[in-house]
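Q: One letter stands for each residue in the lines below.
2 protein chains.
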Amino acid sequence: MAPRWKWKGAEAKALAEPVSKTVSELRSSLTQTEALGFLSSCNVLLSVESEEAELLDRCCFGRLVVGAEKDKRWIQLSFEEAFFLFYKLKCIKICLHGRSLENEVDLWRSMSSFKQDFAILYKAYSHLRSKNWIVRSGLQYGVDFVVYRHHPSLVHSEYAVLVQSIGGNDRLKVWSDIHCSVRLTGSVAKSLLVLYVNRKVNTEKMNLPLCLEDYTVEEQTIRRWSPELSREDETRT
Amino acid sequence: MAPRWKWKGAEAKALAEPVSKTVSELRSSLTQTEALGFLSSCNVLLSVESEEAELLDRCCFGRLVVGAEKDKRWIQLSFEEAFFLFYKLKCIKICLHGRSLENEVDLWRSMSSFKQDFAILYKAYSHLRSKNWIVRSGLQYGVDFVVYRHHPSLVHSEYAVLVQSIGGNDRLKVWSDIHCSVRLTGSVAKSLLVLYVNRKVNTEKMNLPLCLEDYTVEEQTIRRWSPELSREDETRT
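Sequences listed follow chains A and B, in order.
All residue numbers in the first sequence are consecutive under this note's numbering, ending with 239.
All residue numbers in the second sequence are consecutive under this note's numbering, ending with 239.
Nothing false has been slipped in among the hints.
In this list, chains with the same sequence are indistinguishable; a pair is considered to hold if it fits within one copy or across any two.
Straight line, CA to CA, 25 Å or less: simulated DMTMM-like cross-link-like pairs of lysine to aspartate or glutamate: (1) 202 to 108; (2) 175 to 221; (3) 133 to 59; (4) 8 to 160; (5) 117 to 172; (6) 175 to 119; (7) 92 to 108.
No wet-lab data here; the hints were simulated from the structure.
This one's a predicted model, so the numbers in the text were calculated from it and none came from an experiment.
Using the sequences and the accompanying hints, generate a full structural model.
A: The following block contains the structure:
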């Protein structure tokens, strides 16, 4: 399925401003100002200046929380977004109960304790982000993520992503669930992308972010087979 | 959600020809001609005359199979449809491998052996049919059935039905599946109806159609809560 750009010229604008470049800008800016996030049991609130809030929005990290302060902006990040900025881009600091979590292991453990399948979801999130996809919550479509080729103001999301792992959640175990997911994603012009996140070996370092290297990610798209579309085209022969 | 009639006057037509009346007509007609069905491992092929084929279509039992014979019509019935006509309406006979299955227990056992969750699905099907809903396959929406207030030529289906039982299929176990199902059924203007079919007591007659009396059916609709729609209406006060 070809990307569905939202307006004429959107594709050219996207090509002129690659996501990777904007993420680099964001990284430099956040590092310089030593942005600080506050961890709670369900998200991370990041305190930034208005310029950085704009950069975060251009890269689609988090959502702006409406506040009364003039220069300060509060951005609500999901655990995956916050850990990506902290661990992969190394451009924010995060504190819990007023204490800065300098150590990545501490943060990993805190987040894993708050969210059971954090390790698997983070692996999938960082896998997609590393390929410069824009990743947002897929809550409204009953999936884990939706991914965009560029900023959502330019293009519709192309994939609805379900993250699967051995012993993980109970999705796509029966045909009716597969039918339901394929029909829904099809009706909103997306493809269903299933990421199978599996451990290579059974190591003991599962509590550490180091275990991320022991995961493999297998990508599969699932779609309806349409006999009409798959039949040999007689006009072409 | 109000029923969505397909054209002006459809509601009046439906009121003038209640489903229960057409089913009675069908019953008399099929009993008179001693209609015979042939059981295979996935459906029942019913041999009828053209008038009865029309009556079956008006009641939405089965689908017409295209054939070359002039006066004879072949109707493909699902197990639930065939067993309902055989056991509840007592208006067709069914044979397997050329031998007529006079005994309802034999047919019940054959169908249960071909289709693991037949007992549960049949209970749900007959529950809905007994209330004069028209019941069709919900395959394309990833549910077990869709139900119509009257013939599909007059009205759109109102409910997408998922049949659940203890130890049954793995649907609606996680939030993302519920989100997916509610979003999909909402997008096609249906409500998600969940039928919980449970055994009252643990009897030993589970192999017999008699066990149908030991099942209870609990009905629940699941829908999205919309704050805007649920908020107190200021214009009304």
